[in-house]
Structures are given as structure tokens and as C-alpha cells.
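Trainee: So you can see what is in the structure, the chains are spelled out below.
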Amino acid sequence: MTKQLKALFYTPYFVWLGLFVIAPVGLIVYYSFFNINHQLTLANYQTFFGSGTYLIMTANSVLYAFLITLIALLISYPMAYYISKLKHRDFWILLVILPTWINLLLKAYAFIGLLSQDGLVNKCFELFGFGPQQILFTNTSFILVAAYIEIPFMILPIYNSLTDISSSYIRASHDLGATTWQTIQKIIIPMTLPGVKSGVQIVFIPSLSLFMLSRLIGGNKVITLGTAVEEHFLTTMNWGMGSTIGVVLIISMVVVMALTNTKKKRRQTIW
Amino acid sequence: MVKGTTSKMGKMYLVLVFLLLYIPIVFLIIYSFNQGTTMDKFTGWSMVHYQELFSDKRLLAIFLNTILIALLSSVFSTFVGTMGALLVDNAKRRRTKETYLYLNSILLVSPDVIIGASFLIFFTALGLPLGFWSVLLSHIAFEIPIVVLMVLPRLNEMSSSMVNAARDLGASNWQTMSQIVIPFIQPGIIAGFFMAITYSLDDFAVTFFVTGNGFTTLSVEIYSRARQGISLEINALSGIMFIFSLILVTVYYFIENRSQGKRKVMEA
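Protein sequence lines correspond, in order, to chains A and B.
Going by the numbering used here, the first residue of the first sequence is number 1, and it counts up by one from there.
Going by the numbering used here, the first residue of the second sequence is number 272, and it counts up by one from there.
Excised from the complex, chain A in its bound form:
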């Protein structure tokens, strides 16, 4: 009796696992084998790997995601480092989290105003003697805005791993005559590597699929894997091809996860 009751109790979660986790992934793989006329075929994969367009797009997309991740990491690491040394660090890290609670679309929209022809950034350029530049709708603006949005997600895991380092390690290293830079190099960076890895994981994968940003900020010039999926599903209605790109996206996600997974048990670092 109790066993049956238990089973009943867990049913909703199992239903969720089956219907919303396993079935959708299965369906996307299944659809990737159908062409636009709903015939079973491998043509989608042939198009993807045969034509240069898709491969170049994939390479571009990976390159963009790589640059976004790199910029976010370069800005976030010192940021996390300095925050972890502040007196009221819990408060300051809360200030880092706060912008993530504001809708992504609103932040993107703010940049449309900031980067436009007569926007604030161009006015600052004029102060320094540069003429107004076309900033909005370029690849650079896409990368910078994406990096801006991802920075808090990069800071958090690094910050968490920094605060885990016991201060006695730092003191010991100083007592043994290490300079600040040596301590950073030999103690802090190696010990925060798991944080960096999960940061990269959290930032890189979404960066492959930021289609709203490439539309609003990149001006449709940047085509990422995500843009292509959206295009095929909602505009050209070629779900088969969209699913094929989706499968490629899933595979690259698994690769990134495998590369950045630490062997030790991972702590949950998103929040």
C-alpha cells in the first residue's frame, strides 16, 4: 500500500522527466531525419556538412561564443577577486546579481539607445574627437553586449570558488615569502579553476544561441547557430533542417560539458 502511494507521489516528477526532458530531445533528433516534405532522409545532415555555408556559420558561431566567453572571463576574474577581498562582500556580490534579475530584452533595448548614431557612446566619442561611428548592428557590438549580459554569470562561480579558499593558505604563502603576484599565480588561480570552468560552461553554451541579440544588436549580420534554428523553425518552417542544427548544438553542448566538467563532485554554482 505505502509503496503504491509512494509511486503515486512521485508520478508528477516522472511524467515531467518523460514528457518534457526525454521526449523533446528524442523528437528533435527524430525530426532531424525528415526533409521539408516529411520524407525520411539524411539530406539535412548532407546539407549541413556538405555545403560550406553551414560549416562556416558553425565556425563563426563558435568563434563568437569563444570571444564572448573570453571577454567575460577577462573582466570577471579580477572583479570576482577584488570583490572577494572586500569587507562587505556579500552585499557587493548581491549588486552583481541584481542586473541578472532584469529582463535580458530590456538590457538589449538599452543598448539600442546607447549605441545608436546619436547615442551616448557616440557623444562620448565626439568629446574625444572621433566622429560618430556606426556601432549598432556590427559584430563588435553584438560581442560586447553579449559579454555585458554574461559577466554576472561568470563572476558568480569564480567568486564562489574564491571565497572557498581558506585565508590560511594565503597567509602561509605570504609567510613563506611569496609576493602577491606569486600567490595569485601559484595558489589562487589553480584553486579557482573549477569556478572558472563552470563559469565558462554557463556562458559559452548560451552564447551559441543568443538569437535575440544577434537580431536586435547584431542587425541580422551575425548568424549564430541559435539564429539559424529560430529562422528554420519560425520563418522558413523547415523544421527538419532546424532540428539538424539543433542536434549539432546539443552535441557541441555535450562536448563543452565534457571538457569543462571537473572530476570531483561538482557544486551547484549557478546560485
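A portion of the hints provided could be inaccurate.
Heads up, simulated BS3-like pairs for lysine-lysine below, C-alpha to C-alpha not over 25 Å straight-line [claimed, not checked]:
1. A:Lys186 - B:Lys279
2. A:Lys6 - B:Lys279
3. B:Lys282 - A:Lys85
4. B:Lys282 - A:Lys3
5. B:Lys279 - A:Lys87
To be clear about the criterion: a stretch of chain B counts as covered by chain A if any three or more of its residues have a C-beta under 8 Å from a C-beta of chain A, and this derived list gives those stretches [to be verified]:
6. 289–295
7. 318–327
8. 430–439
9. 483–496
10. 516–524
If you're looking for bench data, these hints aren't it; they were derived computationally from the structure.
Glycine is no exception: its CB is placed at the ideal position from the N, C-alpha and C atoms.
Please build the complex by placing chain B on the supplied structure of chain A, with the hints as guidance.
Mentor: Below, chain B alone, put in the same frame as chain A:
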């Protein structure tokens, strides 16, 4: 890390990055009070865009839709997610537990586009019309794993002797659950509920895929308006949403701190 030892250069760097993080948001909100209609020139303070916003019936309806979806989906996902956390926690073998956790995290790490596209295929295959229900179901679906992850740490902290003691004293399964387990993991459940709300309010891509015509949430509406260019009504909206998220954060941290304070008292 050693606290309170930030160098001058470090402080300057912090100020710089914080400025970078907040300038776009402040910029957006300041211009919501602009008399003019562009984000280029500030011509004077006025509340005209807020008046516009509050008389825009369509946008208000969308706002209410968004809140309704967020609340309903969070309540459901909190229920199911808590059950899921109990299931993961009760798994006897390590392997089973790891499999559950692995399956649980799939939706957390998948790109939004994939979740959206696969849900779209799924709903179409089922013949479910796109609209309110498809959006609600999708939101419930992608919020469940985060609830599980927020509840699990509390379950891990709970010592099994508490449950055993309750059983020894003759409590039924239901009594153990409602009197011992649920109160103990309550902070985790509340944290999960709040995370679910923010996930729902923040989502754009998944909703964009499964929303069809007719039904819209705020993110989708902002996207389609932003594609047409600047309208300071969106700025006014962002001002309101900023205050809304500030309230959410404050409430969340108040609850969090209170439960932590309680825990400290209990430990002492």
C-alpha cells in the same frame, strides 16, 4: 580569502566595472522620464510615458498575463520540484541518484533555443494549440529542475535520525512528511519558488517559440517593439519592472537571512 585588503587599484577597477554594469540600466530608467520621444536628447522631466503606459490597455493585459504565468507556473513547479528533490534524495543507490540528477540538469544547461524548438515540436505533435497553455506548461517544465536544485541541499542537511525518531514515536508517513520533513526543507522550497518566478519573468526564447499568435508575454512584446525602434513606453515599463525585481530580491533575501538566522540560533 583575506577580507578587507583591497588595493587602491582594485577599488578603482571595481568602481569601473560596477559603472559599466549599471549605466545601461540607469540610462534606460532616466530616459523613461524624458519629455521627448528619443533616447538621444533629454529635453526635460515628465511622467508622460508612464501615463501612456498605464493607459495602454493591451500592454497592461500582457503584464497581467506575464505575472499570471509566472505565479501559476512557479506554484506548480515548486510542488513537482519538491517531489523530485525527495525522489532524488530517497534514491538508494548512488548510480540511480546520479542518473536522476543528470536527467534533471538537462533542461538547465540546454540552450533556450533548443528547449523552445523541442517544446514546439512536442506541442505540435500532441496537437495542443499554441497559446496560454503551451506557454504555462513550458514554464512549469523549465522551472522544475531549478526547484529541485534549491530544495536538495536542505534535504542533504537533514539528518536521517530526525525521520527515524519520528517513525519510532509512531508517526505515519504522512505525519513525518508534513510535520518533520516539509518544515525543515521549507527555506529551500521558498528559495526554489522565487527562483522559479525569476526564471519565468526572465524567459524570452522558450516563450517566443511556443507562444503562437494571440498570446504574448512581456519579453516577447518588448522584443517585437524593440525591433521597430525606440519607444519610451518601453523605458517606463523597464522602470516599473526594475522596481518589481528590487522588491522580489529584497523579499527573497529577507526570507533567506531570516531562515539562516534561525538556523544559527538552532545551532547555538
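Trainee: Output the numbers, in ascending order, of every earlier hint that fails for this structure.
Mentor: As far as the earlier hints go, 2, 4, 7, 8 are violated by this structure, in ascending order.
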